[in-house]
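**Q** Sequence:
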Amino acid sequence: MATGGMSLSKEFFELLKAIGESKSKQEEDRIVQKEVTRLKSKLENTPGNPYHSNTLLTSKKRAKEFLVRLLYVEMLGHDGSFGYIKAVEMAASASLFHKRTGYLVCGACLPPSHEFRFMLVNQMQRDLQSTNVLECSGGLLACTNLITADMVPAVANEVSKLLQHDSATIRKKAILCLHRCHQLADDVVTSESLHESLRKLVCDKDPSVMGSSLNVIEALSLTNTAPFKDLVPSLVSILKQICEHRLPSEFDYHRVPAPWMQLKLVRILGLLGKADMPASKGMYEILHETLRKADTGINAGYAIVYECVITIIAIYPNANLLDAAAEAIARFMQSRSHNLKYLGVTGLAMIVEQHPQYAAQHQLAVMDCLEDDDETLQRKTLDLLYRMTNVVNVEFIAEKLVEFLRHTTDLFLKQTLTTRVCSIAERYAPNNAWYIRTITSLLEVSGDMV
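FYI, in the numbering used here the residues of the sequence shown are 1 to 450.
These aren't lab readings, by the way, just hints derived from the structure by calculation.
Predicted model, so just to flag it, every value in this text is computed and none were measured.
Heads up, some of the hints might be wrong.
Straight-line distance between alpha carbons at most 20 Å, and here's what the computed DMTMM-like set of lysine to aspartate or glutamate pairs gives [stated by the list, open to error]:
hint, residue 1, residue 2
1, Lys60, Glu21
2, Lys61, Glu14
3, Lys229, Glu285
4, Lys42, Glu21
5, Lys60, Glu115
6, Lys40, Glu21
7, Lys414, Asp448
8, Lys240, Glu250
9, Lys40, Glu65
10, Lys40, Glu14
11, Lys414, Glu426
12, Lys17, Glu44
13, Lys17, Glu28
14, Lys161, Glu196
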């Protein structure tokens with residue numbers, strides 16, 4: 001019986017059907033428990049059993065289905081540990097298709113401390129040393145998902161060798177695997193050796209390898225930016241090449257050049273340029289160019305624009321860049337899309353928090369968002385109004401907030417908003433008469449919450 005391109009036994013098909021038609025969790029558990037009993041029986045050393053343990057690996061189709069059913073049992077919350085050994089055995093299969101199934105089940109089912117993981121070390125070493133690119137690729141994936149700290153010394157050297165492999169697929173997976181080894185055992189794969197490898201691969205001739213290296217650089221920069229400060233010119237150069245469409249068109253998405261790589265680069269620049277004037281100066285021009293070229297009316301472009309805004313706020317400030325960021329955010333707030341409006345309000349809140357002078361010119365656009373029917377957008381706008389209040393606009397904003405309080409029925413929101421109006425009234429009141437009027441209005445609409 002063929003279903004969805006996969007050959008299923010009648011037994012398995014009936015199991016899926018029964019679980020799909022079950023009316024309660026208890027009924028589902030009974031069905032799965034019967035399946036567990038059935039699978040256990042298939043491992044018994046009984047003559048004539050087609051799933052006899054001595055013939056299980058010679059019947060690859062049956063062995064594979066056994067593991068798929070075992071995985072299904074685990075997904076439904078039942079114990080399938082009785083069959084883990086068969087997943088380990090299948091990982092050693094000469095067939096790439098079945099080897100992949102074995103590794104998949106091991107990765108999904110074996111806990112990090114399970115002793116069976118150590119039984120996979122020799123097989124992973126053989127796969128990493130294989131001249132077959134697919135076997136080598138599978139070994140790297142398995143290594144990334146399955147190794148523990150104790151297993152790192154056994155595979156780290158082989159993984160490092162693969163950074164020089166002729167295949168770009170192998171190189172990009174090798175750097176990710178090496179990063180995993182570093183996370184688990186930084187005394188085996190040291191920061192220095194990992195950084196050296198990254199410096200080479202970030203300039204790799206294949207863009208996919210470069211992209212994988214950027215993933216690792218960003219992850220490491222979150223905790224320590226110092227080792228990568230001198231990479232700013234190289235990263236700026238890469239971003240410039242992408243913006244100029246110098247990467248193969250296969251990396252384009254809806255005419256936006258390599259958007260995910262752009263996002264990664266912009267985020268890394270934001271980390272490296274934070275509180276660092278020399279580093280920030282080196283990225284001003286490319287950030288402005290990226291922001292300009294990404295604003296094309298396409299969702300992928302909007303993502304890049306938003307990420308540019310976040311980075312511009314994070315790095316050492318530049319007036320021209322901040323103006324461009326504020327203009328881009330204003331266009332978001334004028335959009336008919338609620339998602340873009342929400343991003344616009346969120347972005348403006350970040351800008352205003354660091355640079356309050358941008359509040360006044362966008363005040364009316366923010367008020368328009370407050371009158372929108374979308375409740376999530378309203379809440380975000382209320383938060384922004386509170387953040388952008390100052391001695392100049394306190395009367396206007398307080399009036400709008402009190403008016404909003406008159407119509408809301410959400411008690412939690414009412415409590416929060418009342419507290420905020422009291423706060424801005426106390427901090428920015430132009431005179432005592434205005435303060436008394438505002439608090440009186442609050443008492444009328446919020447009562448005991450004041």
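**Q** If a hint holds in the structure, say so; if it does not, say that too.
**A** Hints versus structure:
Proposed proximity of Lys60 and Glu21 is contradicted: the alpha carbons are some 30 Å apart, above 20 Å. For the suggested pair Lys61 and Glu14, the alpha carbons sit about 18 Å apart, so the restraint of at most 20 Å is met. Pair hint Lys229 plus Glu285 holds up; C-alpha atoms about 17 Å apart against a cutoff of 20 Å. Distance restraint check for Lys42 and Glu21: the Cα-Cα separation of roughly 25 Å exceeds the 20 Å cut-off, and the hinted pair is therefore not satisfied.
Note on Lys60 and Glu115: the hinted pairing is violated, with a Cα-Cα distance of about 25 Å set against a maximum of 20 Å. Our distance criterion of 20 Å between C-alpha atoms is broken by Lys40 and Glu21, whose separation comes to about 24 Å. With a CA separation close to 11 Å, the supplied pair Lys414 and Asp448 stays within the 20 Å bound. For a cut-off of 20 Å, the pair hint linking Lys240 to Glu250 stands: about 18 Å separates their Cα positions.
A threshold of 20 Å between alpha carbons decides the hint, and for Lys40 with Glu65 the separation of about 14 Å falls inside it, so the pair holds. For the given pair, Lys40 sits about 18 Å from Glu14 by alpha-carbon distance, which is consistent with the 20 Å threshold. Our distance criterion of 20 Å between C-alpha atoms is met by Lys414 and Glu426, whose separation comes to about 18 Å. A distance of roughly 26 Å separates the Cα atoms of Lys17 and Glu44; the hinted pair therefore is violated under the 20 Å criterion.
Taking the CA atoms of Lys17 and Glu28, the gap is near 11 Å; set against the 20 Å cutoff, the hint holds. Annotation: proposed proximity of Lys161 to Glu196 holds, straight-line Cα distance about 14 Å (limit 20 Å).
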